[in-house]
Every structure is written in C-alpha cells, then in structure tokens.
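Protein chains in written order, with my numbering: chain D, 399 to 926; chain B, 4 to 256.
These are computed hints drawn from the structure, not numbers from a lab. Don't be surprised by glycine CBs; every beta carbon is placed ideally from N, CA and C. Wrong hints could be hidden among the right ones.
[Claimed, not checked] Here are the in silico distance ranges between beta carbons for each label pair:
{"hint": "1", "chain 1": "D", "residue 1": "799", "chain 2": "B", "residue 2": "46", "range": "26 to 36 Å"}
{"hint": "2", "chain 1": "B", "residue 1": "255", "chain 2": "D", "residue 2": "407", "range": "49 to 59 Å"}
{"hint": "3", "chain 1": "D", "residue 1": "825", "chain 2": "B", "residue 2": "100", "range": "36 to 46 Å"}
{"hint": "4", "chain 1": "B", "residue 1": "58", "chain 2": "D", "residue 2": "839", "range": "27 to 37 Å"}
{"hint": "5", "chain 1": "D", "residue 1": "477", "chain 2": "B", "residue 2": "245", "range": "57 to 67 Å"}
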Amino acid sequence: MSRPRTQRALLTGWGRTAATAADVVHAVHPDLVDDAMAAAVASAGDTTDRGLVARGMGRSYGDAAQNAGGTVVDATWLDAVHSVDLESGLVTVGGGISLQALMERFVPLGWFVPVTPGTRLVSVGGAIAADIHGKNHHVDGSFCSHVVSMTLVTPTGTHLVTPASDPALFWATAGGMGLTGIVTEATLQMIPVETSYMLVDTERATDLDDVMDKMLHGDDAYRYSVAWIDCQSTGSKLGRSVLTRGDHAAMADLPAKLSSNPDKARAFVPRQLARVPLTAPSGLLNPLTVGAFNEFWFRKAPKHQVGKPHHMTGFFHPLDGVGEWNRLYGGRGFLQYQFVVPDAASETVRRIIERLTETKLASFLAVLKRFGPGDPGPLSFPMPGWTLALDLPVGHDGLDRLLNDLDEQVLAAGGRIYLAKDSRLAPDMFRSMYPGVDRFMEVKQRVDPDGVLRSDLGRRLGLCADTAPRPGTAPAVAPTPAKATARKPAAPRKTPARKAPARKAPVAKKTAAKKTAAPPTSSERTEP
Amino acid sequence: MIDATGRPQSVLVLGGASEIAQAIVAGLVPGRCKTVILAGRPSERLDAAADAARAAGADVVETVAFDTTDLAGNPAVVTDVFARFGDIDLVLAAAGALGDQDALESDPMAAADLITTNFTGLASAVLAAAGCMRAQGYGRIVVISSVAGDRARKANYIYGSTKSGLDAFAQGLGDSLVGSGVGVTIVRPGFVVGRMTEGRDPAPFSTTPDAVAEAVVKGIAAGSDIVYAPPILRWVFGVMKLLPRQVWRRMPG
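Chain D extracted, bound-state conformation (with noise of 0.2 Å):
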C-alpha cells in the first residue's frame, strides 16, 4: 500500500456555503480507492488522523461530500460501464458515474434509469449515499430499491453487498450518506423505454388546496408527478402551483415526424443552452425579481394540456440546461430546505408555505411531490406523505430561527429533513427525525470501528467522532502552563481512545512538536 497523492483543496455543496479544506485523492483508478482507505485506517488516532469521505458530483447541497482537514476521495474518476444485459436491463457501472452518461449511453438502447433526481449531475454512488428519489417515487420507491448489488470499500475490506448477502449494511449504506464506505461499483435494474420522449399532462391549481387534492386524486394514474408551487403569492392565491404528470411515450405515442425517425425519437444528446458565468451580487435575487419569475412561469404554463410529447432533458431536469446556476445566489450561496410529512399532516405543510411568504424570503418555485412507502434504509428520506423542497438565499437575517422553527412543526408532524439537502440541522433535532440512527450506528462500527469515514456532515450531525475525547479521559491543562509543556504540546496524549486532532500534514510530522506556536506553511499537501 502506498498513500496516494493528494492535493488540498477548498470544497463546498452545490449550496456554495461552508467551504472546508481536504485533501483530495483523484482516484483514477479502483486501487487508489483501497489505498486512500488503507492510509486513513493507518493513521486512525494518530495526530494526523481526520478520516475520509467519497465525493461524486458534488450537488448534495450542503457538507455531506466534505470532510474538513481529512481525505477526499473524488470518485468521478470511476465512470466505467463494466457489463449491460440489454435483455434484462442490468447493468453493472462504477460508482462515479453520473445519471447523465448512463443516460446518454443507454436511452437510445431502449433503457432509462430508474430513478432520477431533478439533475441528473449525479453519481451512481451519490445517488446510493442519499438514497435519491425522483417523480415517479410513488410508483418506483427511491433509487437503492433498483439497486441489484454494490461493491463498497470499507475500512475493514471490500464488500459485495446485495440487500440479501448483508440487509443491514446494504440499507445502512442506501441514504447513509458515504458514511458506510465507498461504492466503487454498482449493477442496476434499468427501466425499459421506446423514447426519450415523455407525454406530459400539465394544469394549473389555483391555491394549496386544489393542488393536493389533484394529487391525492390522480397521481396514481401517472408514473410521473410533481408540483411547481409559487411560495411568493399569498392569500387566495396561496400554493398556486402548476401540476406536471406524464409517463414515457412509446413510439406510436408520438407525432409521426419523430416516429417516423426512430433514432430521433430515441435521441438523448443533453445540451447546456447557457452557463452563469460569474457569480452573482448577493441580492440579485430577492423577492421582486423572484416574484416576477414565478408570475411569468405560473402564466406560462397552459391552464390544461393533455399528453404533450415533453423531451425526457425538459421534463427532468429543466435547470440542467444552465451550467452552474447555484452562482446566480451570490457570494454568500443558499441553502435547500426539503422535508417530508406524512400525508395527515397536509396542515403542516400549508403552515410552513404561510410562514415562508410571510418572512418575504426570496424562494423560486417550491418542489411538492407525493412519496410513496420508504425503504428499510434507517437514514434513507422517503416516507409515504408530502415533501415540499424551496431554494433559500442564505444571508437574510432570521432564516436560522425560522428554519428552526421549521424543523419544530416538521417534526412534530412526524416528519423530516432531507439529509443531501441539508446544510444547517442540528444533532438532536436530526437524532429525533431519524429514530433508525442507532440501528446506522450499529452497523457503521461493524465496517468502520476505527472511525475512519467521517464527513462535515457527519461531525456537525453527530454521526461521526469528531475528533472530541470521551469525556473524562482528557488530561487536565495544567493551571499554569508550565514552559516545559509548551515545548512539545503536539506529543502524544496519554489516552490512546482518543483521536487527537491533526496538527500537521505527515509530511511535516517530525516538527509537528517544534512548530506548533507557527502555523502550518501555506503549501500544506500530504504528498509521500
């Protein structure tokens, strides 16, 4: 085993806030994976040690793919179609992959993916770390159901994990956000399609109440459903949404210029049609400017459209078509707010909407969507009722409390919060949403006894050691420091649990004692 090379890098979520500093490891090839693993289980309880976390696409939005002072692990570098059965519909990629080459490869061969988020910027193995789920949840579940068997690199050896080989690994990994290791490989069960076309049925619902009614009502009938809701217009108008459900076109379903060109019709060539190039003023989008989109968009969509033929790129991921659009937030990012509630709990819902407009936070359109059942994943989010998911500008004054508050009236309705969303949960309130962490924690020791895989997620939620002693095994700070301790403050402590905080890059470790009044050089790099 060798370390492998490293170079320092400042991360952060798609969200753009709270960059962390890691040193990232380019894993071109499946071996570094082990080796990176190897190197963070050797050095666990040393000073150096600060664990490691994969890293995909990095569009969870706030610190999940992060792991301040620690290892990185970019694993986009595992991108590889390793076997397809075109008769089943398995197959069997790296765990860096995005949804969009899979896509890209397969759509014109007759498969889509089973699930897919509003991106499809996302990774195979992201997408098994949050257990992601797409519009048609309530038909299909959420993204680890389609998911046959993994490869996963843990601190104590590689694992083919199938839901029947280790269920409890296998749904600890399926929303446990990388904590349990790192996928390296993945066979999916892919869905069959004649197109890269959908029919899409669109209407308007005038306030909250029409919305969830159409929903409750018809959602069934489609593969496919979401709600865009305008969460700027108040009163009569609140909850306005517009209403997009549709499934895949078969050929015949389509007009006969493209299903006289089947190739056409069969077509997945995503194009950006624009990219932000710079990032915005803080402030560009506030609630006039913001308002008037969501007026234009509401209007916009026809009143009722019955079985348009939509292109598979639009009716996913219409924000996909402009690169890095988390700039138009400015220099301060933003943040995602997504819950879910059971479906009693529709009340719930209406009151977050109320208090959001009353707070005149600049929110885009608001995502509601109707889950079906969850998973047996312990942290995995879905759960049968309504999710509601908005785009915030960090940088208002009060939007901590009031997201506390939020979190309040979530979890009192029996709810929670989405963990790839979240940037800004705190640890007991996260410990109340997710009763199942105990079972996580479980099996995480099993894989990981060392602690190894950590993540800024993960100590700001608990889910990881930090690197804090237990309390009461620290040694007590001497009163007054006496001179002969200020010479070697960086010697190892005398409570081996412990894990003292890394204090130097190995590089440097033989000064680490010498140097300690002096920070660091800048060209800190954990090069062999």
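Since the structure of chain D is already known, use the hints to place chain B on it.
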C-alpha cells in the same frame, strides 16, 4: 462544524472574562454553540462567565488557565484545547486591557506589559490557533481590535498602538489563511461603556458590550472581514484617518 448559515458549534475564548466576549458567547450559544471553552486568568469573573454560558444552554463549558503575558505557555494552552475538545469552530481573541495612559507614560515597564498583554501574547496564541485550524481545514478567528487602532491618539496611544499592531497582524493573518478554509474577522468597536471604561466619559458613538456582540454574531454568520460597532464608525474613522495631524492632535480626551 460551522453550518450554512454561519453558526459555529464550538468556541474557544481567549480572555474568557471579557465583557464583550461574554456577550458574544451569550449570542452564539442559543444558536448552536454547545461547546464553550473559556481561557483566562483564574478568577471569579471567569467562573461567572462559565456559569453564564451553562445557563444559556451550552453542554460542555470549561475554563482553562491562560495568561497572555506567559509567552512560553500560550501556544500550548491553545493546542491543548484543540487536542482535548476536538474541532474548535471559532476562536475569539478578546483578551486585553485598557491601561491608564498617564500612569503608563511614567512607567515604561508597565507599558511594555500592556503591549505584551494586548498584542505580543495574544498574537502568539492566535498564531497557535491558526495552525490548529489550518490542519483542521476550517474555522473562524475573531480578533477584537478597536477603532483606537485606526489612528493613534495622544490621549491613549499606548493602548491604541497595541490594537493597531493586533489589527495589522490579524489582517495579514487573514490574507495568509485564504484558501485554507479558515477566516479571520476583525472587530473594531468604538467606546464601549462597561467595566473596562468605568469612570471615563463616553466618547461620541459609544456603544455597549451587547450591541458589539450583536454586530459580531452577525459578522461571524456572514464571514465578514471587518466589523465596526456601531457600524457608522466605519465611515467616521474613514474620515478621521484623513484629518491633518495638526487637527487630529487637538482631539479632546
């Protein structure tokens, strides 16, 4: 960790008994900050500050003996806190004394002590903290400077020069930490009515520890480089710095 809205979960205060620091801690704890380490000279005031942090709802509150003038011991105190308590999201450098200018002018040794307290000692401790945070990959260091450091005034130039030095140090440190995940926020309060200024006449635009704390908590959340308290002092001192010296030296007080 520091979350997306800029809230820290742990803080180390250098100068834990400082009134401004206490007010800042009181502002941080209800938000998220459950670990509070107060470093300072062992005293009733320090213990009272710890009690206040506990009362505000912090889970882990400890006091650590720390004296900025103990130059050899300072770095160890800081690195030891990082080793014992794990990640420290925020270091608040608040230690400092005002001193009596008249007395200091006739007692150079006492003046040197003040400079050590406010600048030399604190800077060495902050450097140790910066090293720990760099390795940790993130964090924020808040340095309590003063508008007195913006331009030295004959009535308190000894104190002013310590803040001037500390301020320049913090600016350079902040620049050197760009890209490391660690940020530095410099706080420049005006005349703060409180224990430190007891018996003195308030200057124009005087403020209170609570008002300073509110501005600082906001500045931490926003990741600001410089916070003036009250904010108007940014413009006032922008002008003051431009005054001809003949005019500036006639400033009262």
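Against the structure, the hints come out as follows:
1. D:799 x B:46: 26 to 36 Å: Holds, since residue 799 of chain D and residue 46 of chain B (Cβ atoms, about 34 Å apart) stay within the stated range.
2. B:255 x D:407: 49 to 59 Å: 53 Å, holds
3. D:825 x B:100: 36 to 46 Å: 38 Å, holds
4. B:58 x D:839: 27 to 37 Å: The hinted range 27 to 37 Å holds for residue 58 of chain B and residue 839 of chain D, with Cβ atoms some 31 Å apart.
5. D:477 x B:245: 57 to 67 Å: 59 Å Cβ-Cβ, so the 57 to 67 Å window holds.
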